[in-house]
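*Asks:* Which chain is which? The protein sequence lines are A, B and C, in order. full-length UniProt numbering applies: residue 1 is where the first sequence begins, and numbers increase by one. full-length UniProt numbering applies: residue 1 is where the second sequence begins, and numbers increase by one. full-length UniProt numbering applies: residue 1 is where the third sequence begins, and numbers increase by one.
Don't take each hint at face value.
[As the list claims (entries may be wrong)] Using 30 Å as the maximum straight-line C-alpha spacing, the simulated BS3-like pairs for lysine-lysine come out as follows: (1) Lys222(C) to Lys124(A); (2) Lys127(A) to Lys168(C); (3) Lys63(A) to Lys229(C); (4) Lys64(A) to Lys222(C); (5) Lys314(A) to Lys203(A); (6) Lys13(A) to Lys222(C); (7) Lys64(A) to Lys160(C); (8) Lys222(C) to Lys10(A); (9) Lys168(C) to Lys63(A); (10) Lys253(B) to Lys229(C).
Since the hints were derived computationally from the structure, they do not count as laboratory data.
So the chains spell out like this:
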Amino acid sequence: MAYKHLLEIKELKTSFSTERGVVTAVDGVSFHVDAGETVGVVGESGCGKSVTAESILRLLDEKKTNYLGEICYQGTNLLALSIDQMQQIRGNEISMIFQDPMTSLNPVFTIGDQIAEAITQHQKCSKQDAFSRTVELLRRTGIPAPEQRVHEYPHELSGGMRQRAMIAMALACQPNLLIADEPTTALDVTIQAQILELMQELKQESQMGIILITHDLGVVAEVCTRVVVMYLGQVIEEADVETLFENPLHPYTQGLMKAVPTIDGDRKQKLHVIKGMVPSLHQIPQGCRFAPRCEYADSQCSQEPPQLHAISPKQKVRCWHAAKFMTQGEEHERHHLD
Amino acid sequence: MKVITERDVFSMLEIKREHRQRNIRRFWGNRFAVTGSAILLVIILLVWIAPFLTTYGPLEVDPKNRLQAPSSEHWFGTDNFGRDLFSRVLYGAQVSISVGFSVALVASFLGLVIGLLCAYYAILDHVLMRICDGLFAFPSILLAIAIVAAMGPMKSNVILALVIVYTPSVARVVRSVALVVREQIYIEALRSQGASAWRIIWVHMAPNSTSPLIIQTSYIFAASILTEAALSFLGAGIPAPDPSLGNILLDGKSVIFNAWWMTVFPGVFIMAMVLGLNLFGDGLRDLLDPRNSQTKK
Amino acid sequence: MSGYILKRLLSMLPILAVVAVVVFMIVHLTPGDPAAVMLGDEAGEKEIAELRSQLGLDLPLAVQFFHWLANVLQGDLGRSYFSDVPVTQAFWEHLGPTVSVAILAQIIAILIAIPIGIMAARRRGTMIDQAVMGVSLFGISVPSFLLGLFLILLFAVQLKWLPVAGYKPLSSGLWNHLRYLILPALALGFMQAALIARMTRSSMLDIIADNYIKTARAKGLKETMVIYKHALRNACIPILTVIGETFGGLVTGAAVVETVFNIPGIGQLIISSVERRDYAVIQGTVLLITVTYVLLNLIVDLLYGIVDPRVRLNRKER
Numbered sequence: 001m002a003y004k005h006l007l008e009i010k011e012l013k014t015s016f017s018t019e020r021g022v023v024t025a026v027d028g029v030s031f032h033v034d035a036g037e038t039v040g041v042v043g044e045s046g047c048g049k050s051v052t053a054e055s056i057l058r059l060l061d062e063k064k065t066n067y068l069g070e071i072c073y074q075g076t077n078l079l080a081l082s083i084d085q086m087q088q089i090r091g092n093e094i095s096m097i098f099q100d101p102m103t104s105l106n107p108v109f110t111i112g113d114q115i116a117e118a119i120t121q122h123q124k125c126s127k128q129d130a131f132s133r134t135v136e137l138l139r140r141t142g143i144p145a146p147e148q149r150v151h152e153y154p155h156e157l158s159g160g161m162r163q164r165a166m167i168a169m170a171l172a173c174q175p176n177l178l179i180a181d182e183p184t185t186a187l188d189v190t191i192q193a194q195i196l197e198l199m200q201e202l203k204q205e206s207q208m209g210i211i212l213i214t215h216d217l218g219v220v221a222e223v224c225t226r227v228v229v230m231y232l233g234q235v236i237e238e239a240d241v242e243t244l245f246e247n248p249l250h251p252y253t254q255g256l257m258k259a260v261p262t263i264d265g266d267r268k269q270k271l272h273v274i275k276g277m278v279p280s281l282h283q284i285p286q287g288c289r290f291a292p293r294c295e296y297a298d299s300q301c302s303q304e305p306p307q308l309h310a311i312s313p314k315q316k317v318r319c320w321h322a323a324k325f326m327t328q329g330e331e332h333e334r335h336h337l338d
Numbered sequence: 001m002k003v004i005t006e007r008d009v010f011s012m013l014e015i016k017r018e019h020r021q022r023n024i025r026r027f028w029g030n031r032f033a034v035t036g037s038a039i040l041l042v043i044i045l046l047v048w049i050a051p052f053l054t055t056y057g058p059l060e061v062d063p064k065n066r067l068q069a070p071s072s073e074h075w076f077g078t079d080n081f082g083r084d085l086f087s088r089v090l091y092g093a094q095v096s097i098s099v100g101f102s103v104a105l106v107a108s109f110l111g112l113v114i115g116l117l118c119a120y121y122a123i124l125d126h127v128l129m130r131i132c133d134g135l136f137a138f139p140s141i142l143l144a145i146a147i148v149a150a151m152g153p154m155k156s157n158v159i160l161a162l163v164i165v166y167t168p169s170v171a172r173v174v175r176s177v178a179l180v181v182r183e184q185i186y187i188e189a190l191r192s193q194g195a196s197a198w199r200i201i202w203v204h205m206a207p208n209s210t211s212p213l214i215i216q217t218s219y220i221f222a223a224s225i226l227t228e229a230a231l232s233f234l235g236a237g238i239p240a241p242d243p244s245l246g247n248i249l250l251d252g253k254s255v256i257f258n259a260w261w262m263t264v265f266p267g268v269f270i271m272a273m274v275l276g277l278n279l280f281g282d283g284l285r286d287l288l289d290p291r292n293s294q295t296k297k
Numbered sequence: 001m002s003g004y005i006l007k008r009l010l011s012m013l014p015i016l017a018v019v020a021v022v023v024f025m026i027v028h029l030t031p032g033d034p035a036a037v038m039l040g041d042e043a044g045e046k047e048i049a050e051l052r053s054q055l056g057l058d059l060p061l062a063v064q065f066f067h068w069l070a071n072v073l074q075g076d077l078g079r080s081y082f083s084d085v086p087v088t089q090a091f092w093e094h095l096g097p098t099v100s101v102a103i104l105a106q107i108i109a110i111l112i113a114i115p116i117g118i119m120a121a122r123r124r125g126t127m128i129d130q131a132v133m134g135v136s137l138f139g140i141s142v143p144s145f146l147l148g149l150f151l152i153l154l155f156a157v158q159l160k161w162l163p164v165a166g167y168k169p170l171s172s173g174l175w176n177h178l179r180y181l182i183l184p185a186l187a188l189g190f191m192q193a194a195l196i197a198r199m200t201r202s203s204m205l206d207i208i209a210d211n212y213i214k215t216a217r218a219k220g221l222k223e224t225m226v227i228y229k230h231a232l233r234n235a236c237i238p239i240l241t242v243i244g245e246t247f248g249g250l251v252t253g254a255a256v257v258e259t260v261f262n263i264p265g266i267g268q269l270i271i272s273s274v275e276r277r278d279y280a281v282i283q284g285t286v287l288l289i290t291v292t293y294v295l296l297n298l299i300v301d302l303l304y305g306i307v308d309p310r311v312r313l314n315r316k317e318r
């Protein structure tokens, strides 16, 4: 193999020109995805995780969008490709599933048409072949009576069924990378679990890489192998999933963890809330972007922006005080063992 | 629950008034609305001072000078009877404006009353709205022609015909807005406090209908000018020899090979008036229609 | 679906009833005696009285109405007082040219307006977009008869490319037929094109922002497929609405434009009947056109079901 990672994002900077000036929604993001692994991208809404995802497939309006950095897929920089070449990649090598299955399917075509379209777009095959493969895909994603369902319109399916249809569409050409942008947010909890399980199964079969974008740490814990935490357009922490849950180093990540309710914890204890609001992209803090909301922030934090640096082979963090938390965490653990 | 008094309602209206003042400033920031107003102002001014601009009356026949091309003597040339076209076009525009204005005023008033009554009294609603639907089903020019044909071509009949044609559309708009207001809690509260139907309709429901009413009025003004011109052009409007932009065009059609000015000048006036009113109306709509101004942001 | 059609037909009944009453009343709006007006100033008392009883004008109004309505329901709209031809026959004889003009105008409008509207939406805010919006505002402000006169001045009087006025039926050859229809159809189609272009632009702008368009792009579809298949099919619904709502107006508009070009269609029938005070013809023509207009709106409504599957479902449930 000529390339190191299936997908490697290097210092991606995505900015939009708006009426109020240039807004940089993604500012120097780097991470990678290997075949067969699921990378979670976590953060509050507005942190740039969806923009990162859409930058990979270049789905943003390119008249208003400016990309810097590199997005290397199997060693090729996607940002340097022509639109035609990009169209060869989309849906074929890299597919995407969106948050809201209610609005992500075209209401005026049957789901069969929409899935078969993805097949005929990228592969030479007869309409009949495409159709029977569509039925097979729907069966594989767990839709009952797929022979009938192919002829139905999106509004005739439930939310969970629509998301299964979206997954079937995304998998139509056996992509190497699947980007799932909050695939379960709009669904009921039981359906969420089924969809996640389905994605896990499909990954194991095909060895594709998955980028799972979510704000739900529960989902991350369940399916991801590695996690990227984003805040205000930057990666602030990256670690494999066990390390991150055991020893979150960035105060923001720690806050996120504490904000998840647990059943076995002390119920009288109030849920942790990260104080303050996410600042607007027009007023980015000068130093560490999280400093105004951070309880540990000192003068260094508010003046000099910290860099993302490796603390251990498994963990990177963007915080001046990370080392301190490291020892604290270990001390805490030791204390726990006693 | 807090009881909503009439004073609260008034303070709400007060806030609305402040909004309105801010909106007036926004109106002048709207390029289209300003252009529209400017066009209208120039035309109204021209029509106003028409008697001082022309030395010829619109009906003065001069057979020796038939079909003269535009010159310093006759700015717009003369028509097939030797009448001064500049004078006729300005007086014709005056007729158009007076017809359009009368129709807009009367149709808006009638539409407002009918719409409000329909919104308040369910029984009236059934009867009047069916009639409005029926009138709405007619193509507007066709109904106007039929009415003028039956009643005789006269300015007052043209106005009446156009009022009949355009009132239903106003009534529909007012009714739909007033129905929403009627269902609001403060109206219920007022009713339980014994406010009379008259008071609820005129003090509370009517002011809420003003924005859509004003927008509708400006469009009806434009549509009436167009329809009047078409009626007169078809010979079912303002009768000769009185000038109207439509009947000047009708005269001009028979001499279109010899006298382009008889088509171009009245035509440009009609276009300018309607364009001005449409721009003005669009400006008003952007301003007053909350749905629209939201998408504009 | 058939239940839905029936329901829609039933809901049209009160509208048609009002239309019938209004059309009937037209004659009775005449100040004074319709018979005297029809015969003119020179008619004697006896002649007027004869015509009155011949037309049934001496009966009570309600009785007259039901007589008239009974005849209308049997397809008898009376006879032209002037030419003694049945009104329905006169109507059919004049309908062809009007429909030709209206349909040609509609075709020209759709062919021009939809691509232009899409282009404006895709290049939102650019010079092209502003030009399209400006020209279409102009189009909405110029009445078709006026545009017709301007077109005659330019293409017939100045450039002498096309005939000034007149009409040749289709039987005289397609080109001959079209040659006479181009200017009237352009005059009529321009406003229609302006309306359709504006509607296309605004609904495309809404749809391009929808999530399923992003899905289509993420599938790797070519941009032309995304726009012309996925977006346009959805934009069809509002575009169809505006086409449907204005097609009736187009037919009446054709009647007006015809008089500019001396085309012997419905417009001329109406205008000449107005001049001759031929009330039966005026009534009959107005009634037939209005009923056609109402029916056209119904057809457009039913067409939605074909374009938009969601509508079909809702109707099934009803």
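*Asks:* Of all the hints numbered above, which does this structure not satisfy? Sort the numbers upward.
*Replies:* 2, 7, 9 and 10
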